[in-house]
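Asks: The listed protein sequences derive, respectively, from chains C, D and W. For the first sequence, my numbering assigns the number 8 to the initial residue and increments by one for each residue that follows. For the second sequence, my numbering assigns the number 24 to the initial residue and increments by one for each residue that follows. For the third sequence, my numbering assigns the number 256 to the initial residue and increments by one for each residue that follows.
Don't take every hint at face value.
[Claimed, not checked] Covered stretches of chain D (chain C as the covering partner; in silico rule of three or more C-beta atoms under 8 Å from a C-beta of chain C):
hint, stretch
1, 49 to 57
2, 73 to 82
3, 85 to 99
4, 114 to 128
5, 213 to 227
Honestly, the hints are just simulated from the structure, not real lab data. No experiment lies behind these values; they were computed from the predicted model shown. No residue lacks a Cβ here, since even glycine has one placed at the ideal position from N, Cα and C.
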Amino acid sequence: MFKNLIAESTAKSPWLFHINSGSCNGCDIELVAVLTPRYDVERLGFKLAGSPRQADIVVVTGPVTKLSLDRVLRTIDQVPDPKCVVTMGSCPQSGNVFKGSYSVCAPLSKYVHVDVDIAGCAPKPEAIIDGLAKATEILKTKRGQM
Amino acid sequence: MDFPFVKEAVSKLFSKPSCNMYPFVESPAAPNYRGRIVFHPETCINCNMCERVCAGGAITHTSVKNEDGDDVVTRSFDLGSCTFCNTCADFCTRHSIELTTDYHMIGIEEGDLIVSGTFVKKAIKKPAPKPAAAPAAAPAKKEGAAPAAPEAPAAPAVQPRGDGKPAQDPSKCVYCTICARKCPGEALTVDRKEKIWKLDEDKCVACGTCADVCPKNAIVL
Amino acid sequence: MTASIFLNGLQYLGYILIFPGFLFCFLCGMLLTGIDRKLVARMQKRVGPPILQPFYDFFKLCGKETIVPAAASRTTFLMAPLVGLAALVVIQLFIPIRGFSAFSGMADIIVILYLLLIPALAAILGAAASGSPYAGVGLSREMVTIIACELPLVLVLLAIAKTVGNAMGTGLCFSLSEIARYQVENGSLITKLSMIPAAVAFAMVIPGETGSHPFDTAEAETEICEGMHAEYSGAPLAVFKLSHAVKVLTMTSLFVALFFGGVGTGITAIDGVIVFALCVVATALFISFVHAVTARLKIEQVFKYYWTVVSGLALISLVLAWYGL
């Protein structure tokens, strides 16, 4: 029963940590828009955590530049289990228009397991909510398997 | 110290929240929103213009020959690499690409974000008659390609005209009309149905735009 | 004889674990923070999280992996949150609900002053043990905040002690249960002229003590990664969140006990509900409302504010109390 309670709570209180890996700021602004009174994801329990140690969902934006790659991987490693990695926008999924650049390590999925991709350039706040909702479901099943 | 938001906070406490209750209430996108790509393979003529203009390199195609010698072309759009700039749809002469207002684009498994379509490109005026006919006699070729090429006598490679004005290679031309649209002097008339490519020599200024834009390199100067 | 000792022991165990103790603190504190978050959201024209959200957060954090950094001192790092929580629960045992108080003593106000320091000190110790530079910045700010809050708090409590002591004819009265009894007999302290500036000063100390806006410089999550809690994860972080919730309850119920002690009916159960309702009002006014209308201050502004405005108010109250107003 206690295990159930924790799994239920995990789905109801996912905290986000946002990493900008060289993004153009478009996706970052949309992610902040999701927290504003217009969309207010706090009503679903989401909260922006200040430190990766307290996060459940890591949201990565930007094309994962060479300099930021190491930091992104280290930050994701710092997140305690169960965790969920979400890539937001086209950049971390493929490199988008920066594809092939010498300083872009684009698909993040080459380095870590990515659970959810949110497509868009930048995605609409509703699409972000969709993706985060999917991520919480994954989080809950991961917690159930622990 | 002053607190400009005191009145605001108190009045908002007793008013309705301005939230968009999205997951519980549907929230349609704005009319001209550019979301999920829909591809209509039945109208595509495989000019590859979309691939050439795509900034994100999101559009790819694979082409396989089937037993009839026709090309089976599969064109795929990777939404995870797309910038949703609408350039491909703008450049598509056949309006085969459409960006809809559907923004629910979530990928969990591989391939969730790929939109693709397959079509068969009939090899009517393309290589099928030519390699067989070129070494053979001209009448035989004329019978084979009767519906396709009215100006067929110039069957081997097209010779440049020498005056800077364009000449068409009927074996390569797909009659996509891009050259006619791009021609600044409106010197070209291309009829897709009748497979006619005509140059008005008086209007032509020999600028070379048509050769630049031709997706098939069917125009020589 | 042994039976009565056993029963007494059982009663005190009940006090510590259930009624004004741990379980009560857990439920009411969490509920207060839930109400606080909801109210702030509503003032910002948002829907806000459900009122039970702090419970979800707590249980979720309990189910997360606990990471102890390699640079950390393990025992201190893990024990610090528990020490802080224990101190807060002990304070709650001393705070009277109208006539009723679980533990009482001659000078429990002074005990409370010391106990109020312990959660902050425990957080500082834990932060120092974590070995993170962010935590280092956070703990130095937290220390300044404590020093800033302590002076007005002491002055307010001194003014109250003087007022009650004057009336009782004992000079200074440092016993919370005495103060509560005095208020039951003579009406709440807030009705006295000399106590109004003290009440205002205490209300201004509440957000500083609980570390809420605009005095949350110590754990400013947008600039120094949650400050002192930067390295905490899982269950210890859950205990820290619980400590924060209990601190909200402690500070507001202390406010209610000191200034509205005369309100109530005399039946402990009903009084408990009334006190809790007053705590909710105090949270709404002094924590949620202040949070909604202010932005975070710089640390030197916090210090200046407490040692000038708030201390000044408390000092006025003390002077008035000395003249018996």
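Asks: Can the stretch 49 to 57 of chain D be counted as covered by chain C under the rule of three residues or more with Cβ-Cβ separation shorter than 8 Å?
Replies: Three-residue rule met by the stretch 49 to 57 of chain D, so holds; n is 3.
Asks: Please verify the coverage claim for the stretch 85 to 99 of chain D: does it have three or more residues whose C-beta sits within 8 Å of some C-beta in chain C?
Replies: This one is violated; 0 residues, fewer than the three required, reach chain C with a Cβ under 8 Å.
Asks: According to a criterion of three or more residues whose C-beta lies within less than 8 Å of a C-beta of chain C, is the stretch 73 to 82 of chain D covered?
Replies: holds (count 4)
Asks: Can you tell me if the stretch 213 to 227 of chain D counts as covered by chain C, using C-beta to C-beta distances under 8 Å and a minimum of three residues?
Replies: violated (count 0)
Asks: Taking 8 Å as the C-beta cutoff, is the stated coverage of the stretch 114 to 128 of chain D by chain C satisfied by three or more residues?
Replies: holds (count 3)
Going down the numbered hints, you'll see the structure goes against 3 and 5, while the others check out.
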